[in-house]
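> Based on the hints, put chain E in the right spot on chain Y.
These are the residues of each chain, in order.
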Amino acid sequence: MLSDDQINALEAQLAGTLRPVTPPVDVVQRLRERIRFPQPEEIVSRLRDWQRMFFVLGGVMSGMMVLITIARALYYLVGRKHM
Amino acid sequence: MPEIEFNEEEVLIRASEGDRDAFGLLYGRYIDRIFNYVYYRTGNLHDAEDLTARVFQRAMNHIQNYTDRGVPFSAWLYRIAHNLVANWHRDRSRRQEIPINDVPVLPSKGDHPERNLVRSQEQDALLRLIRRLPAERQNLLILKFVENMSNAEIGAIMGRSEGAVKSLYHRTLLALRDQLGDQNINLDSE
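Heads up: the protein sequence lines correspond to chains Y and E, in order. Those letters in the first sequence? Residues 495 to 577, per the numbering used here, in order. Those letters in the second sequence? Residues 110 to 299, per the numbering used here, in order.
Here chain Y stands alone, though its shape is the one from the complex (with noise of 0.2 Å):
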């Protein structure tokens, strides 16, 4: 069995042994090269352009829609007129 107190300072010093690391800089730009990923900042930029482009894309479409909409109603006016 274990005390509380040799519990404590086993942990203490797994605590003190297995520390999270660091990888080095280079090592994690390497990776990233071997796996072909570009840049965090590269990838929320694009998302960012993504998001941007939906929008222009949408307020385009919407757009359209609305001056279809008065087309067609002032056509249906004109055209009862002269009927």
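When the alpha-carbon atoms are kept at most 20 Å apart in a straight line, the in silico SDA-like pairs for lysine to any residue are as follows: (1) E:K275 / E:S259; (2) E:K275 / Y:E505; (3) E:K275 / Y:A509; (4) E:K275 / E:Q247.
Hints are computed from structural coordinates only; laboratory data are not their basis.
Same frame as chain Y, now just chain E:
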């Protein structure tokens, strides 16, 4: 580098559809953790780098097979890492036994750089003892102390219940205490 906030579920869906950018975000989130795990399991920087790359390459090639059935993505990644490290140990034991006493000391997070250069003899001895433990016990200690995971999270990765992890942890501490005693290493030395 600051971690970029994103919705992991959405990114996982896009990554499983072959979006490499999405997988790149997952890579950024998990690279440190997987590297830490592999580094402590192999004990050398070169193999840790090589195996970490292989973990992410394998994950990228098989991400369409990952489905969230209560097992987090991190657990899936750790399992890949565990399998690759196990293969690495098997191949290595077939070739020749290389001493692992000279483990390079990498900078620890949140520590003063000078402190990283000082690793006590007790810690070196403890690290050697940990590396002699069965693989699942090493996994448990690394996930608990390096990754700061709870027993429940460790259980999800190791495919065990929380109680089983707790029990295994206690048995691991007992084994370590006995082995430290055999080597006359004082636990209260720090």
